[in-house]
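> Each protein sequence line maps, in turn, to chains A, B and C.
Counting in the working numbering, the final residue of the first sequence is number 390, and the numbers go up one at a time with none missing.
Counting in the working numbering, the final residue of the second sequence is number 382, and the numbers go up one at a time with none missing.
Counting in the working numbering, the final residue of the third sequence is number 447, and the numbers go up one at a time with none missing.
It is worth saying that the hints were derived from the structure and are not from the lab.
Any given hint might turn out to be false.
Below, simulated EDC-like cross-link-like pairs (lysine to aspartate or glutamate); rule was C-alpha separation at most 20 Å, straight line [as the list claims (entries may be wrong)]:
| no. | chain 1 | residue 1 | chain 2 | residue 2 |
| --- | --- | --- | --- | --- |
| 1 | C | K379 | A | D125 |
| 2 | A | K312 | B | E210 |
| 3 | C | K248 | C | E219 |
| 4 | A | K183 | B | E144 |
| 5 | C | K218 | A | D146 |
| 6 | C | K419 | A | D125 |
| 7 | B | K205 | A | D125 |
| 8 | C | K379 | C | D393 |
| 9 | A | K285 | B | D303 |
Footprint (simulated), chain A over chain C, 3 or more residues, beta carbon under 8 Å [claimed, not checked]:
| no. | segment |
| --- | --- |
| 10 | 178-188 |
| 11 | 275-281 |
| 12 | 342-356 |
| 13 | 365-378 |
| 14 | 392-401 |
| 15 | 416-428 |
Idealized CB from N, CA, C, for every residue including glycine.
As a plain string of letters, each chain reads:
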Amino acid sequence: MKKLVLTILALVLVLGAMAPAASAAGKLPEVTQGSPYDGMAYEWGVTAVQVYYMPGSSPVDPLKCELYVNGERVTPLGDPVDSQLAQGASLQFNLPEDFQPPKGELEFRAVLVTKAGDEVSYDWTYTYGGQKRKPLIDFALMRDWFTFIAQGALVTIELTVLSILFATLLALLGALGRLSKSTSAREAWTKYRSWTYMVGWVGRMVPYGIATFYTSLFRGTPLLLQIIFIYLAIPGFNNYAYGAWGFKIPEPGPFASAAVALSLNYGAYLTEVWRAGIQAVPKGQTEAAWALGMTGMQTWRRITLPQAFKIVIPAIGNDFIALIKDTSLASTIALPELLQKARLVGGRTYDFLSPLLVAAAVYWALTIFFSFWQARLERRLERDTARG
Amino acid sequence: MMATEPRETGAADDVLVRVEGLHKSFGKLHVLKGVDFAVRRGEVVVVIGPSGSGKSTLLRCLNFLEEPQKGVITIGGVSVTCGGRGKAHKRAVRDVRLKCGMVFQEFNLFPHKSVTENVIEAPMLVKGLSKEAATERAFALLAKVGLSDRADYFPSQISGGQKQRVAIARALAMDPELMLFDEPTSALDPELIGEVLGVMKDLAQEGMTMIVVSHEMGFARDVADRVIFMDGGYFVEQGPPSEVFFHPREDRTRQFLRHILPEQEPEHAAELGITGEAEEGASEEEAQGEEAAEEAPAGGSPGA
Amino acid sequence: MLLVPTVLLALAFGLVACGGDEGDEGGTAEGQTAAEKAASILGHEPAGLAKIIVDRGYLVVANDPNYAPQSSINKETGELEGFDVDVAKLVGEALGLEIRFENPKWDSVIPGLQAGAETGSKWNVSIGSMTVTPDRAKAVDFTDPYYYAQGQMLVRQGSPKITTIEELKGKTIGVGAQTTYQYFLDAVGGVNIRSYDTDLDAFPVLENGGLDGVMTADLTASEAISSGKPFELSGKPFYYEPLAFAIAKDQPDLLALLNYSIKWMRDNGKLTEASKKWYHGFDVTAEPASGVPSYDEVMAQLQS
Numbered sequence: 003m004k005k006l007v008l009t010i011l012a013l014v015l016v017l018g019a020m021a022p023a024a025s026a027a028g029k030l031p032e033v034t035q036g037s038p039y040d041g042m043a044y045e046w047g048v049t050a051v052q053v054y055y056m057p058g059s060s061p062v063d064p065l066k067c068e069l070y071v072n073g074e075r076v077t078p079l080g081d082p083v084d085s086q087l088a089q090g091a092s093l094q095f096n097l098p099e100d101f102q103p104p105k106g107e108l109e110f111r112a113v114l115v116t117k118a119g120d121e122v123s124y125d126w127t128y129t130y131g132g133q134k135r136k137p138l139i140d141f142a143l144m145r146d147w148f149t150f151i152a153q154g155a156l157v158t159i160e161l162t163v164l165s166i167l168f169a170t171l172l173a174l175l176g177a178l179g180r181l182s183k184s185t186s187a188r189e190a191w192t193k194y195r196s197w198t199y200m201v202g203w204v205g206r207m208v209p210y211g212i213a214t215f216y217t218s219l220f221r222g223t224p225l226l227l228q229i230i231f232i233y234l235a236i237p238g239f240n241n242y243a244y245g246a247w248g249f250k251i252p253e254p255g256p257f258a259s260a261a262v263a264l265s266l267n268y269g270a271y272l273t274e275v276w277r278a279g280i281q282a283v284p285k286g287q288t289e290a291a292w293a294l295g296m297t298g299m300q301t302w303r304r305i306t307l308p309q310a311f312k313i314v315i316p317a318i319g320n321d322f323i324a325l326i327k328d329t330s331l332a333s334t335i336a337l338p339e340l341l342q343k344a345r346l347v348g349g350r351t352y353d354f355l356s357p358l359l360v361a362a363a364v365y366w367a368l369t370i371f372f373s374f375w376q377a378r379l380e381r382r383l384e385r386d387t388a389r390g
Numbered sequence: 079m080m081a082t083e084p085r086e087t088g089a090a091d092d093v094l095v096r097v098e099g100l101h102k103s104f105g106k107l108h109v110l111k112g113v114d115f116a117v118r119r120g121e122v123v124v125v126i127g128p129s130g131s132g133k134s135t136l137l138r139c140l141n142f143l144e145e146p147q148k149g150v151i152t153i154g155g156v157s158v159t160c161g162g163r164g165k166a167h168k169r170a171v172r173d174v175r176l177k178c179g180m181v182f183q184e185f186n187l188f189p190h191k192s193v194t195e196n197v198i199e200a201p202m203l204v205k206g207l208s209k210e211a212a213t214e215r216a217f218a219l220l221a222k223v224g225l226s227d228r229a230d231y232f233p234s235q236i237s238g239g240q241k242q243r244v245a246i247a248r249a250l251a252m253d254p255e256l257m258l259f260d261e262p263t264s265a266l267d268p269e270l271i272g273e274v275l276g277v278m279k280d281l282a283q284e285g286m287t288m289i290v291v292s293h294e295m296g297f298a299r300d301v302a303d304r305v306i307f308m309d310g311g312y313f314v315e316q317g318p319p320s321e322v323f324f325h326p327r328e329d330r331t332r333q334f335l336r337h338i339l340p341e342q343e344p345e346h347a348a349e350l351g352i353t354g355e356a357e358e359g360a361s362e363e364e365a366q367g368e369e370a371a372e373e374a375p376a377g378g379s380p381g382a
Numbered sequence: 144m145l146l147v148p149t150v151l152l153a154l155a156f157g158l159v160a161c162g163g164d165e166g167d168e169g170g171t172a173e174g175q176t177a178a179e180k181a182a183s184i185l186g187h188e189p190a191g192l193a194k195i196i197v198d199r200g201y202l203v204v205a206n207d208p209n210y211a212p213q214s215s216i217n218k219e220t221g222e223l224e225g226f227d228v229d230v231a232k233l234v235g236e237a238l239g240l241e242i243r244f245e246n247p248k249w250d251s252v253i254p255g256l257q258a259g260a261e262t263g264s265k266w267n268v269s270i271g272s273m274t275v276t277p278d279r280a281k282a283v284d285f286t287d288p289y290y291y292a293q294g295q296m297l298v299r300q301g302s303p304k305i306t307t308i309e310e311l312k313g314k315t316i317g318v319g320a321q322t323t324y325q326y327f328l329d330a331v332g333g334v335n336i337r338s339y340d341t342d343l344d345a346f347p348v349l350e351n352g353g354l355d356g357v358m359t360a361d362l363t364a365s366e367a368i369s370s371g372k373p374f375e376l377s378g379k380p381f382y383y384e385p386l387a388f389a390i391a392k393d394q395p396d397l398l399a400l401l402n403y404s405i406k407w408m409r410d411n412g413k414l415t416e417a418s419k420k421w422y423h424g425f426d427v428t429a430e431p432a433s434g435v436p437s438y439d440e441v442m443a444q445l446q447s
C-alpha cells in the first residue's frame with residue numbers, strides 16, 4: 003500500500019515535471035532582459051516596464067501575464083502590449099499614473115504565460131532614483147551635461163574670432179575694389195576723351211567688378227547654404243578634379259567650412275561697412291596729405307585707414323555679436339559647437355528643453371560679455387574722436 | 079590810399095612760379111580758360127574774384143590737387159606738362175607738391191593726431207626725419223605761430239583760428255618755397271580772423287612767396303605785392319592793390335568791388351562813391367552757385 | 144559660382160585642417176601595418192580608396208550619435224558609445240586601422256561618401272545602421288548586412304495600434320528624413336508624413352498629440368519607452384530591414400576589406416556579443432525568420 007502511494011506520487015511528480023515540456027513541444031519562452039535595468043542608456047521614466055524574451059513554441063498571452071514589484075502585484079494600465087522585434091519580442095506593461103515605487107533597489111518579477119498555459123517567471127533588480135516624472139527644467143541634467151555643452155562654447159568662440167578677423171581683411175579688400183570705380187564709362191570718356199585713359203579705366207573696373215560680384219553673391223545667398231555648399235561642394239569638386247585632372251585642393255572640415263563661409267559672408271557685409279567708412283573720411287584729409295607730399299600709400303596707411311577704422315569699429319562690433327549667434331548654423335554640418343552639443347544631449351536624454359536652455363544661456367552670456375567690451379571700446383573711441 | 083610796403087623780393091627775374099596756358103575743366107564746365115602768369119620769389123599775390131571765377135581751382139591746380147588738362151606749370155625749377163601720365167609724371171607732381179605748402183579753408187587737420195603729430199607726420203614720413211628732429215622743428219614752428227601751449231591738444235580741442243595756425247605750421251614744416259592759401263579765413267569766426275592774418279603777415283615779412291585766395295582787403299592792401307582779379311576763368315585785371323582796389327580799369331572789377339568794399343572798407347567805398355544799400359540785388363547774384371556764375375557771359379574778359 | 148572665391152579661402156583653412164590629419168598611426172598589435180594586413184586579406188596590393196586608407200592608417204566612420212542604443216554619447220565621458228560604435232571599433236581591430244568618427248547629419252552621409260570617393264576625405268564608410276535599399280544602392284555600395292531591424296509604429300499609450308497599410312491611410316506619421324520609413328510611407332500613399340532631422344525630434348511631437356505615430360526601428364522605439372516616453376509599440380512590424388555599412392561606389396578593395404571584417408567579427412562571436420550587450424540580450428545579427436516581409440519585398444509589393 004505504502005509502495006503504491008509512493009509509486010503514484012512518483013508518477014504524478016514525473017508527469018507533472020514532464021507536462022510543460024510536453025505542452026510546449028519542448029520550448030518555453032526565454033526572457034533575456036527586463037527593463038528598467040541598471041546601466042540603461044536613459045533614466046527609467048516609470049511609465050512602463052518591458053520584458054524582452056525569445057518566444058517559445060506557444061505564443062505569450064499578454065492578458066495573462068503578471069508584473070510584481072517588491073513582491074506586490076502591479077495592475078498595469080490597459081493590457082500588456084506584446085511586440086515582435088527583429089529578434090525576440092517585448093512585452094510592455096504600461097504603469098498606472100499613480101504608480102510610485104519606493105526609492106532604492108526594486109525587485110521586479112515578470113510572469114509570462116503562454117497560450118498553452120505555461121508560465122515562465124523572471125526576476126531582476128533595478129536601483130531606482132526616486133524620480134517619478136522628469137521636471138520641466140531638469141537642473142540635475144543641466145549640471146551633469148554643463149561641461150559637455152560648454153566645451154562647444156570654445157569652438158563657437160574660436161570660430162567667431164577667426165571668422166571676424168578674416169572677414170575684416172576680406173572686407174577691406176572688397177571695399178578697395180568697390181571704391182576703385184570713380185566714374186561711369188560715359189563720364190570718363192566725356193571728361194578725358196583719351197583712349198589710354200579708358201584702358202586704365204577698364205583696368206580699375208576689374209577689382210570693382212570682382213568686389214561687386216563678391217558682395218552681391220554672398221549677400222544674396224543664405225549663409226546656411228554657403229556653409230553646406232562649402233562643406234559638401236569642395237569635396238565634390240575635388241572628386242571631379244582628382245579624377246579628371248589628377249589634383250585636389252585641401253578640403254575644409256566642418257570647422258574650416260564654417261569659418262570660410264562665415265568669413266566670406268560677413269566679409270561681404272563688412273565690405274559695405276568699410277566702403278562707407280572710407281568714404282566718410284573727408285576728401286580734405288586726403289588732399290591735405292597729398293599737399294604735404296605724401297604718396298598714395300602713405301596717405302592710405304597713415305591718414306585714411308586709421309580714420310575709417312574708427313568709423314567702422316562699432317559696425318564690426320555689432321557683426322561680431324551677430325556672428326557669435328550665426329556660428330550655430332555650423333551645427334548643420336555637425337560641427338561640435340554649442341548648439342550641436344546641446345542637441346546631442348537632447349538626443350541622448352530625450353529632453354531638449356534643458357540642454358537647449360543651457361546653450362541659450364551660454365550664447366547669451368557670450369553676447370553680453372562681448373557687448374560689454376564693445377561698449378567700452380566704443381566709449382574709448384568716442385573719447386578719442388571727441389579729442390581728435 | 080596806402081602804398082605797398084617796400085620789401086626785398088630778390089632779383090626781378092627770379093621767377094619761382096610760371097604758369098603757361100593752363101586749362102582746366104570739370105566735364106563740360108570750363109573753369110580755367112588759358113591762364114598765364116608768373117610769380118617772383120618773395121612775391122605775395124592775392125587772388126580775388128567772385129565764386130566760380132576759378133581762383134580756388136587755379137590754386138589747387140598749382141599743386142595738382144586738381145589735374146589740369148592743358149598747360150605747363152613750373153615751380154622752383156620743376157616743370158610739369160599737364161595731362162601727362164605714368165611714373166615720371168607722378169614723380170614730377172610730387173616734386174612740385176614738395177615745393178608748395180598749402181593751407182585750406184577747412185583747415186583739414188588730421189583729427190586722429192595731436193597738434194604736434196600733425197606737424198611732424200609729413201616730415202617724418204616724407205622727408206625721413208627722425209622723430210626727435212621733426213619734433214624739435216615742430217616746437218619751433220608752433221612757437222612761431224604762437225601755439226606752444228597747445229602742442230599736446232587734439233584738433234577738436236582748439237579754436238578755428240588756432241587750427242588754421244597749426245595748419246600753417248604743418249605746411250611750413252616741409253620747408254616749402256611757396257605757400258598757397260585757399261581762403262584761409264573764410265571758415266573762421268570774425269574775431270579769430272586777425273590771429274591767422276597776423277601769422278600770414280609775419281610770413282610775408284620774412285620773404286615767403288605766397289599766393290593767397292582771399293577777400294580780406296585789409297590784408298591784401300597791407301601785404302600783397304600784386305592783386306589779381308579773376309572772373310570767368312580769366313585774369314581780368316592785375317596790379318598793385320592800390321590800383322586794382324581803388325582805380326580799377328575794368329568794369330567787371332568795379333562791379334565786383336561794389337559787393338566787397340562797402341562791407342570791408344567802408345571809407346574807401348565812400349571814396350569811390352559806392353554804397354552798400356544800392357547793391358542788394360547784385361549781392362544775391364554773386365551768391366549764386368559755381369555753375370551759374372560760370373554760365374554767365376564772360377563780358378568782363380579782357381578785350382570785351 | 145561660389146566655388147571661385149571659396150576655393151581660395153579654403154586653401155588657407157584647408158592647409159591648417161590638413162596639418163592635423165598627418166598621424167603616424169597604422170601599426171597593428173602584431174607589428175603588421177594596415178597596408179600589409181590589407182594585402183594579405185585581399186591577396187593583392189589594395190587599390191583606390193582602400194589604398195589611401197590603409198596607407199594613412201585610419202578609417203573615418205560616419206555615425207549619428209542621436210540613436211541609442213546604436214550610437215549615443217556617454218553621460219560621464221561624452222564619448223560615443225553603442226552598438227554601431229562597438230562594431231566600428233571591431234572593424235578597426237580586424238583591419239588594423241585607427242577609427243575616427245564624424246557625426247554628419249543623416250541626409251549628408253551619402254553625399255559625403257560620394258564626395259570622398261577619390262580622395263578619402265570626409266568619411267569613408269557609414270557604420271550607422273543604414274538599411275540596404277535598391278535606391279541607395281545606386282548611390283553607394285553596401286557591405287554584407289551586419290544586423291537586422293524592423294520598421295515598427297510607435298504610438299501613444301492606449302492609442303489605436305497601427306499595423307496595416309489600411310490603418311496608415313490618413314494618419315499623421317513622423318519619421319526621420321531620408322529613412323526607409325519615409326520611403327515606405329511615401330510608397331504607401333495617403334499618409335500625412337512629417338519628416339524630422341532625426342526620429343528623436345518627432346518624439347516630443349508624438350507625446351503632445353501632434354502625431355498619430357512615429358515610425359522607427361523597433362529597438363530605438365523600445366529605448367524611448369524605457370526612458371519614460373508614454374508610448375507603445377504597435378506590435379506587428381511592417382517589415383524587417385537588413386542594415387549594412389555603406390561606402391562610395393566602385394571601391395571593390397575597400398568593400399572586400401569591410402566584408403572581411405564583418406565575417407571576422409561574426410565568426411569569432413564578437414558581433415553577437417556586441418548585439419547582446421546593447422540589444423537586451425538578443426542576437427539581432429541573424430536574419431529574422433519570423434515571417435515578416437523584408438523591406439524590399441514590401442516595397443516591391445507596394446509599387447506593383
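> Look at each hint and say if it fits the structure.
Hints, one by one, checked against the model:
no. : hint               : verdict
1   : C:K379 with A:D125 : violated, 26 Å
2   : A:K312 with B:E210 : violated, 28 Å
3   : C:K248 with C:E219 : violated, 24 Å
4   : A:K183 with B:E144 : holds, 18 Å
5   : C:K218 with A:D146 : holds, 8 Å
6   : C:K419 with A:D125 : holds, 19 Å
7   : B:K205 with A:D125 : violated, 96 Å
8   : C:K379 with C:D393 : violated, 38 Å
9   : A:K285 with B:D303 : violated, 32 Å
10  : 178-188            : violated (count 0)
11  : 275-281            : violated (count 0)
12  : 342-356            : holds (count 3)
13  : 365-378            : holds (count 13)
14  : 392-401            : violated (count 0)
15  : 416-428            : holds (count 7)
Hints 1, 2, 3, 7, 8, 9, 10, 11, 14 from the list above are not met by this structure, while the remaining hints are.
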